[in-house]
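Participant: Spelled out, the chains give:
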Amino acid sequence: SQTIHQWPATLVQPVGSPLSLECTVEGTSNPNLYWYRQAAGRGLQLLFYSVGIGQISSEVPQNLSASRPQDRQFILSSKKLLLSDSGFYLCAFQGAGDTQYFGPGTRLTVL
Amino acid sequence: QQQVKQSPQSLIVQKGGISIINCAYENTAFDYFPWYQQFPGKGPALLIAIRPDVSEKKEGRFTISFNKSAKQFSLHIMDSQPGDSATYFCAASYYSGGYNKLIFGAGTRLAVHP
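Protein sequences appear in the order of chains W and E.
Under my numbering, the letters of the first sequence match residues 1 to 111, in that order.
Under my numbering, the letters of the second sequence match residues 1001 to 1114, in that order.
For reference, chain W alone in the conformation it holds in the complex:
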């Protein structure tokens, strides 16, 4: 079966520090992968998507970047965090048909 993992589950970082969030998928090959951010009490905003290794597209300009070093690994990074980067970060993969399946998320607090 297909599963998706994210870590860490929670993270508290000071402003100006770097960030690395990891997402891995099991049970599927060459899936489309997505990073979303969810502000408190809000909907989901697509940040990045990837259709293959090394192929990253950004939906919105921001302080973040993404990389896909392996087929089933998707990484979200920042060199210097801003207060506005706080939020709930969700990774998703595209399964059968058009369905996207989400990971458990990472709660990031920037102080």
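Please note that a few of the clues may not be correct.
Claimed, not checked - Short, incomplete list of chain E residues facing chain W, as computed with Cβ under 8 Å: (1) K1042; (2) N1100; (3) F1104; (4) G1105.
Claimed, not checked - No more than 25 Å apart at the CA atoms, straight line, and that leaves these computed lysine to any residue pairs for SDA-like: (5) W:K80 x W:V110; (6) E:K1042 x E:D1084; (7) E:K1101 x W:V51; (8) E:K1005 x W:Q45; (9) E:K1042 x W:A40; (10) E:K1058 x W:Q94; (11) E:K1101 x W:P104.
As the list claims (entries may be wrong) - Example chain E residues on the side facing chain W (calculated, C-beta under 8 Å, incomplete): (12) Y1032; (13) P1034; (14) G1043; (15) P1044; (16) L1046; (17) A1049; (18) F1089; (19) S1093; (20) Y1099; (21) L1102; (22) A1106; (23) G1107; (24) A1111.
Simulated from the structure, these hints should not be mistaken for laboratory data.
Cβ coordinates follow ideal geometry from the N, Cα and C atoms, glycine included.
Start from chain W and add chain E according to the hints.
Facilitator: Relative to the frame of chain W, chain E by itself:
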């Protein structure tokens, strides 16, 4: 045109009642309409989904009604239970540039009181 408008923002229903959440869209290119359920601190989980060639889809207590001409779709939760208390998101998607572009509504926070 890319928006999906969801209402109400919050909903309180008594146990056993019917919960109804509505969504509307403008972009006729959308061809897949999923609903997600999200509990606090968890990732959204797919609940039920429909394509525009079908007017209704039912899975257990959950039913999607779809009105293509009005560009509206809704989620009905029959016999609502306290365990259904969560935030529900409608979404709409279409293919663009080789990937599935999924647009979410703002969410509805449902509270089912015993």
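Participant: Next step is simple, just say for each hint if it's right about the structure.
Facilitator: Now for the hints, and whether the structure bears them out:
This hint holds: E:K1042 has a C-beta 6 Å from the nearest C-beta of chain W, less than the 8 Å allowed. Given hint, E:N1100 at the interface with chain W, holds; its Cβ is 5 Å from that chain's nearest Cβ, closer than 8 Å. Hint status for E:F1104 relative to chain W: holds, with the closest Cβ pair at about 4 Å, below 8 Å. With its C-beta approaching chain W no nearer than about 6 Å, E:G1105 sits inside the 8 Å limit, and its interface hint holds.
Between W:K80 and W:V110, the direct Cα distance comes to roughly 11 Å. Compliance with the 25 Å bound is thereby established for this hinted pair. Between E:K1042 and E:D1084 the CA atoms are separated by roughly 14 Å; this keeps the pair inside 25 Å, and the hint holds. For the proposed pair E:K1101 and W:V51, the alpha carbon gap of about 12 Å is at most 25 Å, so the pair holds. For a cut-off of 25 Å, the pair hint linking E:K1005 to W:Q45 stands: about 14 Å separates their Cα positions.
With a C-alpha separation of about 13 Å, the suggested pair E:K1042 and W:A40 falls inside the 25 Å cut-off, and the hint holds. Using a Cα cut-off of 25 Å, the hinted pair E:K1058 and W:Q94 holds, with the two alpha carbons roughly 23 Å apart. For the hint linking E:K1101 to W:P104, the alpha-carbon distance of about 20 Å falls within 25 Å, and the restraint holds. Because the closest C-beta pair between E:Y1032 and chain W is about 4 Å apart, less than 8 Å, the hint holds.
At its closest, the beta carbon of E:P1034 sits 6 Å from a beta carbon of chain W; the interface hint therefore holds under the 8 Å criterion. The beta carbon of E:G1043 is positioned within 8 Å of a beta carbon in chain W (closest approach about 4 Å), and the interface hint is therefore held. Because the smallest distance between the Cβ of E:P1044 and any Cβ of chain W comes to about 5 Å, under 8 Å, the interface hint for this residue holds. Interface restraint check: E:L1046 against chain W, minimum CB-CB distance 6 Å, threshold 8 Å, status holds.
Hint on E:A1049 holds. Least Cβ distance to chain W is approximately 7 Å, under the 8 Å limit. Interface restraint check: E:F1089 against chain W, minimum CB-CB distance 6 Å, threshold 8 Å, status holds. For the restraint placing E:S1093 at the interface with chain W, the shortest Cβ-Cβ distance is roughly 5 Å, inside the 8 Å limit, so the hint holds. Checking E:Y1099 against chain W: minimum C-beta separation of about 5 Å stays under 8 Å; hint holds.
The closest approach between the C-beta of E:L1102 and any C-beta of chain W is roughly 6 Å, which is under the 8 Å cut-off, so the hint is satisfied. Annotation: E:A1106 was flagged as interfacial toward chain W, and the flag holds, the nearest CB pair being 5 Å apart, inside 8 Å. About 5 Å separates the beta-carbon of E:G1107 from the nearest beta-carbon of chain W, less than 8 Å, and the hint is met. Against a cut-off of 8 Å between C-beta atoms, the interface hint on E:A1111 is violated, since the closest Cβ of chain W lies about 14 Å away.
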